[in-house]
Amino acid sequence: MFEVDMIFAFALFSVGLFGITSHKDFLRIFFSLEMLINAVILMLASSAHYLGLPQNLPVAYMFIIIATLEAAVGILIFAAANKFTHVSVPDELSEGLNK
Amino acid sequence: MNIVFLTIVLVLAIASLTLKKSVASLISFALMMLVLGLYYISLDEKLLGLFQIFVYAGGISVLMLFGITLIGTEFPPAKKNPWTALISFLFFVFIVALFWNNHTLLIAHGTGIIESKELFAKSYSDFVIIFALIGASLLYGTIKMIGVLKPKRRKDV
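Line by line, the protein sequences give chains G and F.
Counting along the first sequence from 1, when you hit position 69 you're at 70 in my numbering, and nothing is skipped either side.
Counting along the second sequence from 1, when you hit position 156 you're at 173 in my numbering, and nothing is skipped either side.
Simulated from the structure, these hints should not be mistaken for lab results.
Don't be surprised by glycine CBs; every beta carbon is placed ideally from N, CA and C.
Treat the hints with care, since some could be wrong.
A few chain F positions that, by computed beta-carbon distances, are all more than 10 Å from chain G [claimed, not checked]: (1) Leu53; (2) Leu55; (3) Leu65; (4) Asn118.
Short derived list, chain F residues pointing at chain G, Cβ under 8 Å [what the hints assert, rightly or not]: (5) Leu34; (6) Ser59; (7) Leu80; (8) Gly84; (9) Ile88; (10) Ile112.
Work the whole structure out from these sequences, hints included.
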């Protein structure tokens, strides 16, 4: 069952990778980032459970907290940038700031 | 049982990236996190599961909704580039092959299925100072950012 968990975690990571490389809007980029982080958390949790590596669980908690703070700060930064530039796509932010 | 949970997670993950409406996509994302949390609870990692549900299905989803209401729901469509899908798929095949060749080594290093009761209380205290530092610095950044977002008051003439 450990193998099944790991393969699903790799699949989730690949879906996140696809989302980051193919989407332009900030919402889907954030979703994809969270998927990448959650794939890693899934690997840590399943290895802690099936392989008896309990030291992985505090790392998983730390990942969750850092991911939360990253999302909070990222959305605030993008909201602030959107207020000045009126741009909703991260790729166009530099053009909006130069206007 | 875990195949069912993880298949639902994967389907919801793909749906959250492919649905056109932002709010439907957000609901799919929140459901994905909820199912993942339930899966952790079924693995007997109850605290991690509750953390997952409260933080992701609750906190981050509301934060994203806040972002959508600030910025708007109109976004450009995704780039239609088949190379990104192909590269992601090749990455998946490569990493599964790498794992499959070496997973016996991983299992040999493990000690078998464990009970994780009271583990949080024992080992989490080692990370408290790091959490406090990260939290304090990011809270400072958030407060500064709210200051930037706040509209300037006009002086009365």
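Legend entry - Violations among the numbered hints, reported as their numbers in ascending order: The structure breaks hints 1, 3, 6; every other hint is satisfied.
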